[in-house]
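Position chain B relative to chain A; hints supplied.
Residue numbers (the working numbering), protein chains in the order written: chain A, 1 to 115; chain B, 1 to 112.
Here are some, though not all, of the chain A residues that point toward chain B, as calculated from beta-carbon distances under 7 Å:
| no. | residue |
| --- | --- |
| 1 | L43 |
| 2 | F106 |
| 3 | G107 |
What the hints contain is simulated information worked out from the structure, not anything from laboratory work.
Glycine residues also receive a C-beta, built at the ideal position from the N, C-alpha and C atoms.
Take a look at the letters that make up each chain.
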Amino acid sequence: KAGVTQTPRYLIKTRGQQVTLSCSPISGHRSVSWYQQTPGQGLQFLFEYFSETQRNKGNFPGRFSGRQFSNSRSEMNVSTLELGDSALYLCASSGLGGRGSYEQYFGPGTRLTVT
Amino acid sequence: KQEVTQIPAALSVPEGENLVLNCSFTDSAIYNLQWFRQDPGKGLTSLLLIQSSQREQTSGRLNASLDKSSGRSTLYIAASQPGDSATYLCAVPTGTASKLTFGTGTRLQVTL
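Looking at chain A on its own, in the form it has when it is part of the complex:
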């Protein structure tokens, strides 16, 4: 079974630009979550999508948005990039597993650098 894939793996953008990151979950998983990881703040939850609907949202400004398609693939968009948006963006997928668990499986991440 293929794991979670994220594209692109690396991105360099300029302040003010916008960026779109993509995540393909494990086959059969309907939940996709996004996290931002920085040295200062650690791992922070951005949002979760389930069956094309945003089910949860973290404390990030409206510049951060996402969507999910009918095949469960998800995209995350950041508009008007700021230097502080430089981070590793991680996507996780989950599905109902053994004994009712919802184990999270993470992708390799997209390293975004804003200059």
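Chain B alone, transformed into the frame defined by chain A:
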């Protein structure tokens, strides 16, 4: 608000030692607790998931325990190897099963 703390922040041990990593959380009403490993610049690899009804979970040389009443979990690594060098993170769902709150991690170095 759920807060997750990991002690120690960093640990260096010689190869072959058994070691324990600690994770504590403030709100004991959790569905489960998950331990992850992260290599530098890489994504997270799930190591173990302990359901709230379980006391421990084992996978190879790894054993994780969970004590909900005291808000603690430990990850025991037996016979450590240099390949175990990584950052270890624990996480608990907050509010819903898919929204994880992470600890700050323990950076482990296993030396030859």
